[in-house]
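Novice: Here is what each chain is made of, one letter per residue.
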Amino acid sequence: AQTVTQSQPEMSVQEAETVTLSCTYDTSESNYYLFWYKQPPSRQMILVIRQEAYKQQNATENRFSVNFQKAAKSFSLKISDSQLGDTAMYFCAFRLTNDMRFGAGTRLTVKP
Amino acid sequence: GAVVSQHPSWVICKSGTSVKIECRSLDFQATTMFWYRQFPKQSLMLMATSNEGSKATYEQGVEKDKFLINHASLTLSTLTVTSAHPEDSSFYICSASRPDTIYFGEGSWLTVV
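Chains as they are written, first to last, in the working numbering: chain A, 1 to 112; chain B, 1001 to 1113.
If we strip away everything but chain A, and leave its shape as in the complex, we get:
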């Protein structure tokens, strides 16, 4: 079975600074998707960014970008110009067609 590891239970960053959240995964598959989701206190799961494994180019979405290292099975999330609204739990997720697993999560606090 696939596993996803987030080794940073909690992180904090000053407003307007940059922070990187780590994620590693383990799989024997070659085609898959990777995601970062944000979960605010409302518990709604909000898609932050998505990466297809067959694409070498790192995905970017405005202030959010990833560093996808397929050989190392690493998928880190970089948040630039952090905002107070970025405070939330962040989950890394790995997806196959009929399987989707989440890491344990990283609680990010953006400090004013």
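By construction, these hints were calculated from the structure, which means they are not laboratory data. Computed from a predicted model, the values in this text were never measured in an experiment. Wrong hints could be hidden among the right ones.
Under the rule of at most 25 Å between Cα atoms (straight-line distance), these lysine-lysine pairs were calculated in the DSS-like manner [stated by the list, open to error]:
(1) B/Lys1041 to A/Lys111
(2) A/Lys55 to A/Lys78
(3) A/Lys78 to B/Lys1041
(4) B/Lys1020 to B/Lys1066
(5) B/Lys1014 to B/Lys1066
(6) A/Lys55 to A/Lys70
Could you slot chain B onto chain A? The hints should help.
Specialist: Only chain B this time, still in chain A's reference frame:
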């Protein structure tokens, strides 16, 4: 707007009764839906994968007779917690799969008293 609707958002039931949670994909047909359980301050734990027209695939340790999952149509999957007990109290969340991404419902808080 939401593309996956989950209902009810909150439900309180008596111990020993059953409760059903619905997950609907609003804008698309979802051949696969996932059901998760989330304990406080923890991650989403995959309970089962629901495929339209076939039996759900349950994760190890999840009682299929207690957590009944039905995916009768391409837009609806249901989770029924049978003979609920207080330890079943939790946050349950579903997601519906498209080829390129996955959308989540708003989640359902279940409290068994």
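Novice: Check the hint pairing lysine 55 of chain A with lysine 78 of chain A against an upper bound of 25 Å on the C-alpha distance.
Specialist: Distance ~18 Å between lysine 55 of chain A and lysine 78 of chain A Cα, so the pair holds.
Novice: Taking only the CA atoms, is the gap from lysine 1020 of chain B to lysine 1066 of chain B under or equal to 25 Å?
Specialist: holds (12 Å)
Novice: Lysine 1041 of chain B and lysine 111 of chain A: Cα distance at most 25 Å?
Specialist: Cα-Cα ~20 Å, so holds.
Novice: Does lysine 70 of chain A lie within 25 Å of lysine 55 of chain A when you go C-alpha to C-alpha?
Specialist: holds (10 Å)
Novice: Need the status of pair lysine 78 of chain A, lysine 1041 of chain B: alpha-carbon distance at most 25 Å?
Specialist: holds (23 Å)
Novice: What's the verdict on lysine 1014 of chain B and lysine 1066 of chain B, does the C-alpha distance respect the 25 Å limit or exceed it?
Specialist: Roughly 15 Å separates the two Cα atoms, so the pair holds.
When each numbered hint is compared with the structure, no violation occurs for any of them.
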